[in-house]
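Q: Residue numbers (the working numbering), protein chains in the order written: chain A, 1 to 188; chain B, 1 to 141.
Bear in mind the hints are in silico, worked out from the structure with no lab data behind them. There's no promise every hint is true.
What the hints assert, rightly or not - Taking lysine to aspartate or glutamate pairs in the EDC-like style, the calculated list, with each CA pair at most 16 angstroms apart, reads:
| id | chain 1 | residue 1 | chain 2 | residue 2 |
| --- | --- | --- | --- | --- |
| 1 | B | K71 | B | D94 |
| 2 | B | K71 | B | D113 |
| 3 | A | K31 | A | D121 |
| 4 | A | K31 | B | D136 |
| 5 | A | K31 | A | E148 |
| 6 | B | K71 | A | E70 |
| 7 | B | K71 | A | D88 |
| 8 | A | K31 | A | D88 |
| 9 | B | K56 | B | D136 |
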Amino acid sequence: MTPAYTRLADTHGLEPIDGFRPGPVTPLLAKGGALGPALGGNLVDGLAGVIARYAYGRFTYNVVFARIPESQPFVPRLQCERLGRLTDDTHYGFEVRNTRTWTESEALNARYRVTASPFQDLNWLRQLFAPTFVDWLAQSPPEDFSFELAYGSLLCSIEEDDPGEPGLVALWRASAAVADRIRAESAE
Amino acid sequence: MQINRTGYFLLGFFFVGGVIFTVLEFTVFPFPIFLGPIWIVVSVGLGIYALRQAGKGRHEQWLFRSGLRGKGTLVSARSGALINEQPLMTLELDVDVPGHAPRRVRRRLIISDFAAHLMQPGLVLPVYVNPRDPDDILVVW
Chain A
1 MTPAYTRLAD THGLEPIDGF RPGPVTPLLA KGGALGPALG GNLVDGLAGV IARYAYGRFT
61 YNVVFARIPE SQPFVPRLQC ERLGRLTDDT HYGFEVRNTR TWTESEALNA RYRVTASPFQ
121 DLNWLRQLFA PTFVDWLAQS PPEDFSFELA YGSLLCSIEE DDPGEPGLVA LWRASAAVAD
181 RIRAESAE
Chain B
1 MQINRTGYFL LGFFFVGGVI FTVLEFTVFP FPIFLGPIWI VVSVGLGIYA LRQAGKGRHE
61 QWLFRSGLRG KGTLVSARSG ALINEQPLMT LELDVDVPGH APRRVRRRLI ISDFAAHLMQ
121 PGLVLPVYVN PRDPDDILVV W
């Protein structure tokens with residue numbers, strides 16, 4: 001356990017989790033890295049979350065994982081990725097595209113690349129990305145924040161290797177806000 | 001699927017090249033090697049395939065815009081051949097659309113490698129159903 005994770009556990013009442021392995025359930029987790037140390041706790045009311053360090057190859061992230069299965073029927077796949085983020089070194093240029101880029105929000109476009117299934121219900125996306133949520137995403141999360149939702153699994157991440165306790169707290173809070181927004185929209 | 005500019009260029013290149021080779025083979029060359037006719041047959045075949053896929057793509061767009069929105073609960077998922085390193089999967093879904101009786105539908109889809117691992121029974125996916133043909137569905141994955 002790193003000092004930052006130890007302090008986060010102490011100040012936020014999170015419990016260490018040994019051997020946390022959710023499997024390759026989101027694009028980033030499918031890279032096959034190792035998770036640890038990991039702390040679990042209440043992310044938002046009634047929703048458990050896990051914050052962990054995630055590393056593969058030369059890449060290291062700090063991530064928050066949570067399950068929101070009620071989102072599946074509305075948005076199978078959604079990625080809101082920081083512009084310019086690289087998650088691997090092997091791009092041949094001939095990858096088959098099976099996502100569609102959503103570009104309706106200029107505020108989001110300035111900071112993120114938002115992609116979803118090619119036949120994603122656009123009205124649902126517009127409702128999810130309500131102006132208040134877009135403003136929040138554009139201004140409030142950590143600078144290197146991204147999130148991805150795949151078949152009910154939410155993974156929020158920052159790219160800083162060792163963000164310290166304040167950075168981890170900011171990630172946890174931003175992830176809670178994203179999870180809360182997705183849950184609220186899925187319940188409507 | 002939609003054919004892009006590179007695809008049009010390749011189809012045109014092989015068709016025109018095939019015609020030129022065919023003419024040369026039967027007029028200038030000492031004996032034909034049938035490279036030109038092969039290029040023509042391949043480019044025509046791929047052109048027909050591209051047109052069919054484009055039609056399928058237009059139909060999917062129509063279903064997306066005009067279909068009835070519902071939910072499909074995955075009952076079973078089997079993967080078969082790989083196409084472009086992506087598995088061709090057979091999905092069996094229980095489709096539930098407001099105003100229609102529930103029905104079980106089977107679809108074959110090329111699904112990305114990452115998503116294919118997650119196609120497990122119980123997964124709920126959005127679907128769009130043709131209002132005039134309840135067996136005609138678009139699965140959003």
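Q: Now look at each hint and say whether the structure bears it out.
A: Checked hints:
Between K71 (chain B) and D94 (chain B) the alpha-carbon distance is near 8 angstroms, which keeps this suggested pair within the 16 angstroms criterion. Distance restraint check for K71 (chain B) and D113 (chain B): the Cα-Cα separation of roughly 23 angstroms exceeds the 16 angstroms cut-off, and the hinted pair is therefore not satisfied. Restraint check for K31 (chain A) and D121 (chain A): not satisfied, since their Cα atoms lie roughly 28 angstroms apart, outside the 16 angstroms limit. Among the hinted pairs, K31 (chain A) with D136 (chain B) is inconsistent with the structure: their alpha-carbon atoms are about 35 angstroms apart, more than 16 angstroms.
This hinted pair checks out: K31 (chain A) and E148 (chain A) have alpha carbons roughly 14 angstroms apart, not beyond 16 angstroms. Restraint check: the Cα-Cα separation between K71 (chain B) and E70 (chain A) comes to about 12 angstroms, which is no more than 16 angstroms; the hinted pair holds. Distance check on the hinted pair: K71 (chain B) and D88 (chain A) sit about 34 angstroms apart at the alpha-carbon level, beyond 16 angstroms; violated. Straight-line distance between C-alpha atoms of K31 (chain A) and D88 (chain A) comes to about 8 angstroms, which keeps the hinted pair within the 16 angstroms bound.
Only pairs whose Cα atoms come within 16 angstroms are accepted, and K56 (chain B) paired with D136 (chain B) is accepted, the gap being roughly 12 angstroms.
Of the numbered hints given earlier, the model fails hints 2, 3, 4 and 7; all others are met.
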